[in-house]
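Number of protein chains: 2
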Amino acid sequence: MPSRTDPEFPPLASLPRGMRDLDGAAMAHRQSLVEAVGRVYQLHGFTPLETPAIERAEALGAHLPDDDRETGGVFTFTDGDGDALALRYDMTAPLARYAAERRNTLVLPLRRYTAGPVWRDEKAGPGRFREFWQCDADTLGAPAGAADAEMCATLAAVLEALNLSRDQFEIRLSDRCLLDGVLEATGLGGPERADQRLAVFRAVDKLERLGTDGVRDLLQEGRRDPSGDFTPGAGLSEPQAARILAFVGAGGADSATTLRTLRDIVGDTQTGQRGIETLETILALLDGFPCGAAAARLDPSVVRGLAYYTGPVFEAVLTFTVPGPDGKPRQFGSVAGGGRYDDLVRRFGGETLPATGVSLGVDRLAAALEAAGISSSAEAHGPVLVLAMGDMAAHQRAAAELRSAGIAAEAFVGTGGMRRQMRYADRRTCPVVVIEGENERAEGTVVIKNLRLGSRIARQTATHEEWKEHRAQLEVPRAAMTATVQRILAEESDGDSAQ
Amino acid sequence: MPSRTDPEFPPLASLPRGMRDLDGAAMAHRQSLVEAVGRVYQLHGFTPLETPAIERAEALGAHLPDDDRETGGVFTFTDGDGDALALRYDMTAPLARYAAERRNTLVLPLRRYTAGPVWRDEKAGPGRFREFWQCDADTLGAPAGAADAEMCATLAAVLEALNLSRDQFEIRLSDRCLLDGVLEATGLGGPERADQRLAVFRAVDKLERLGTDGVRDLLQEGRRDPSGDFTPGAGLSEPQAARILAFVGAGGADSATTLRTLRDIVGDTQTGQRGIETLETILALLDGFPCGAAAARLDPSVVRGLAYYTGPVFEAVLTFTVPGPDGKPRQFGSVAGGGRYDDLVRRFGGETLPATGVSLGVDRLAAALEAAGISSSAEAHGPVLVLAMGDMAAHQRAAAELRSAGIAAEAFVGTGGMRRQMRYADRRTCPVVVIEGENERAEGTVVIKNLRLGSRIARQTATHEEWKEHRAQLEVPRAAMTATVQRILAEESDGDSAQ
Chain A
84 MPSRTDPEFP PLASLPRGMR DLDGAAMAHR QSLVEAVGRV YQLHGFTPLE
134 TPAIERAEAL GAHLPDDDRE TGGVFTFTDG DGDALALRYD MTAPLARYAA
184 ERRNTLVLPL RRYTAGPVWR DEKAGPGRFR EFWQCDADTL GAPAGAADAE
234 MCATLAAVLE ALNLSRDQFE IRLSDRCLLD GVLEATGLGG PERADQRLAV
284 FRAVDKLERL GTDGVRDLLQ EGRRDPSGDF TPGAGLSEPQ AARILAFVGA
334 GGADSATTLR TLRDIVGDTQ TGQRGIETLE TILALLDGFP CGAAAARLDP
384 SVVRGLAYYT GPVFEAVLTF TVPGPDGKPR QFGSVAGGGR YDDLVRRFGG
434 ETLPATGVSL GVDRLAAALE AAGISSSAEA HGPVLVLAMG DMAAHQRAAA
484 ELRSAGIAAE AFVGTGGMRR QMRYADRRTC PVVVIEGENE RAEGTVVIKN
534 LRLGSRIARQ TATHEEWKEH RAQLEVPRAA MTATVQRILA EESDGDSAQ
Chain B
84 MPSRTDPEFP PLASLPRGMR DLDGAAMAHR QSLVEAVGRV YQLHGFTPLE
134 TPAIERAEAL GAHLPDDDRE TGGVFTFTDG DGDALALRYD MTAPLARYAA
184 ERRNTLVLPL RRYTAGPVWR DEKAGPGRFR EFWQCDADTL GAPAGAADAE
234 MCATLAAVLE ALNLSRDQFE IRLSDRCLLD GVLEATGLGG PERADQRLAV
284 FRAVDKLERL GTDGVRDLLQ EGRRDPSGDF TPGAGLSEPQ AARILAFVGA
334 GGADSATTLR TLRDIVGDTQ TGQRGIETLE TILALLDGFP CGAAAARLDP
384 SVVRGLAYYT GPVFEAVLTF TVPGPDGKPR QFGSVAGGGR YDDLVRRFGG
434 ETLPATGVSL GVDRLAAALE AAGISSSAEA HGPVLVLAMG DMAAHQRAAA
484 ELRSAGIAAE AFVGTGGMRR QMRYADRRTC PVVVIEGENE RAEGTVVIKN
534 LRLGSRIARQ TATHEEWKEH RAQLEVPRAA MTATVQRILA EESDGDSAQ
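Protein chains in written order, with my numbering: chain A, 84 to 582; chain B, 84 to 582.
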């Protein structure tokens, strides 16, 4: 039976690479972000809808940019019945399955939001997690234009709700039709060249990381990275690659200038013109939203790495720097992104269902907000601890009485004497300790220690008044225990907010 | 590239067996349960700690009762680096890994709670989900007795916090040492018979489902179920099986009577006596908790199916019935369970770390509370809808203005005329629709439709006053739009709470 372990070869007590445990403070921070984002989504008319973590592998497909692994970046497995399953790698592919499954009864537009973990079987790397949280909003059944403008505006509203000011982020915006138009004009149009065009998109998506030379290599024959790994290129000629790079670098000072430049570059292909028109519509509509059109910047280098985008694409970038691990200022880059995926539902057969959405990287954003000092989870203090002094039934009654007054409390159920229990109280950040030893029981009293005041006195940060008026240790009648603890907690909480 | 799909063979748009999509109302219900349970855990001095969904397969082991599948009930897979991974099937095995990983720096007792999905690769069955939520509390580093009593009391407090009254549930309690003692006395002691004893535990665990005859077969040669599947038995002789069944059926009217009977049955084995003493301690301590000792009932048939339990085991059972799908009253059975698992951390090498915990089946409990009419998620209404009447920028501005007053609102971004949009508003349960057509724009007004009043009038459930005083459709100056919508929503919300 596999539950038995050979004591000579015990299993290793360690997490898989790219996984992590989260303590209460980190969970509380994530939870507060998820709730804040959800409120904004809900305010914009999106309603919650959750899909499971596991889908049939073919229903998810593999649309991730990292296709240098055989797995396509997706965790796949076979269940006991032999069915091929996969863990969701994003929230979009499962939504497409959901919509295709109910195609004839959907209320359109379908506007949903969701939050939860996704999993990616990626290569190792510091700070690269293989389980991370996304918080998505999507609109299905709305053509390009208004719904995409609304996505950008919603994203801006989300970031403002998280206390980022308008000068701390920008929404970078483009449309895949532009690059598609350039590719068409360069002789790379037609359905038979779809894979080559996707390779071009993915090369361009790496601009920030690899620079112009790296992307030029990826557009042509391929690129060998410093570790020696070779990534095959898109197979473009030198003039073709140069034209792509000219397009990518055509972002101007303002969106109007960029639009004019781009109109020339995309030439007269229908696809390119459609992209230009969509972007004009989006920019015009953004003006009516609180964020205004200035929150968005037209940037032809934005393509996003996911395979399924078909039109407008956008990402939210934090514009401030924070000190990196080496002390040098560093940028966080993109914390959210999205775009239009008109063909994703059609994968399952039937008609196109136009769709657009945005995905927010919750953990990344939490790290950015924490590093920038914009938000974090205040470390909550621990429960009140009733020490174990030989009469557990009495101690449990004392803890229960405190709880009935709404005070988090526990009786010590571990092993060890007073010294060890006080050390536990300290490490659990217990604000108060209740002692009901033999003497106290005989006299009908309890001893109550105010550990936070005690710690301030020890650190000599208590005020003279505090030191004079409140002793860090009191003996009170047992009947006064709960009221005394309540008073101390209220005073300490006042002290916290006054600091 | 796998993202391309052969249009001749599109993927099937369906979920894997045992998975489901959750809409907003079901999510809200689950969320409210998880929060309520978390508050009670926190009040009892447990702090949040989350482990990831994926662990190294060997770190999890396989402790599930359903070992009739090759997978042992666990979803396992290999990642791109060839590492053997698994999805957590409970919250306990990952916690043991966490504790073993930090063995030398743990603050003991470690008291944590957590909530989230777990996954099991189980056989098909109606209403059997392979992804479901658990909400667990655990204490590591506390010996048998007080910590187990506290677990039972915490479980009772949780159920009361969910509005179950004390006569709607009971905590069934036993100790695996009892059955171990009986097995020892029956000649089935010793480490070399550990697997056989586990087979006995699992046979007994099926008592409610299979009845005495089924368990007798499983204790001896094995059992063929109606489908023809054969489950091998524990290989006991007839007298041995009879003695086990006598033990299992020894539950009396009250715990004191049961204890006396059991003391005779377990004989003079040390193991059995230890079980008796632990149960006496737990029952005595429970008296000091708000639930009292009467909330728990000693029941020797309780063993729990998981392999890792080593001492006290308990489960919460709902005692009321609800109408089943066939109209007949049915019981929900166990909605939570737990026990002591002193050897689970030792799997990783080193010393024993005594531990106990409880696991609450959130989805099962949600279904039970819903069926019993005790709690459910009130269907929230949809957002205010601004109809698309030809000037999207104006419509988006109107929606943004409503949102800035805290009103969930959206401009219609789909396709279709007035009729289709009103149908959408109806199906989204929008309370109010705002119309700003060409005429209204020319006159500086908007039309505001109160759909809920309109629906009451249509259903003839509006009062005469409502019908007289409030028209279901108003034309107001554009500047009065937000105030008017606010007034209608406030009135309708008053109406809701008055109903």
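Hints are not guaranteed to be accurate.
For identical chains, the list gives no copy identity; a pair is met inside one copy or between any two copies.
To be verified - Below, a list of computed lysine to aspartate or glutamate pairs in the EDC-like style, where the Cα atoms sit at most 16 Å apart:
1) 289 with 300
2) 289 with 425
3) 206 with 523
4) 289 with 253
5) 411 with 575
6) 206 with 164
7) 289 with 523
8) 206 with 474
Since the hints were made in silico from the structure, they are not lab data.
16 Å Cα threshold - placement of residue 575 relative to residue 411: So residue 411 and residue 575 fail the 16 Å test inside a copy (38 Å) and across (56 Å) alike.
Reference check for the pair residue 289 and residue 300, CA-CA at most 16 Å: within, between, both, or neither?
within (11 Å within a copy, 65 Å between copies)
Identical-chain pair category, residue 206 with residue 164, by Cα at 16 Å: between (30 Å within a copy, 8 Å between copies)
task = If the cutoff is 16 Å on CA atoms, where do residue 289 and residue 425 land: within, between, both or neither? Let me know, please.
result = This pair counts as neither: shortest intra-copy Cα distance 24 Å, inter-copy 51 Å.
- residue 289 and residue 523: within-copy, between-copy, both or neither at 16 Å Cα: neither (70 Å within a copy, 50 Å between copies)
Problem - Intra/inter-copy verdict for residue 206 and residue 474 if alpha-carbon distance must be at most 16 Å - result: neither (55 Å within a copy, 48 Å between copies)
task = Evaluate residue 206 and residue 523 at a C-alpha cut-off of 16 Å and name the case that applies: within, between, both or neither.
result = Cα proximity of residue 206 and residue 523: none, with 61 Å in one copy and 58 Å across.
- Item | Intra/inter-copy verdict for residue 289 and residue 253 if alpha-carbon distance must be at most 16 Å | The answer is neither: 19 Å in one copy and 60 Å across copies each exceed 16 Å.
Of the numbered hints given earlier, the model fails hints 2, 3, 4, 5, 7 and 8; all others are met.
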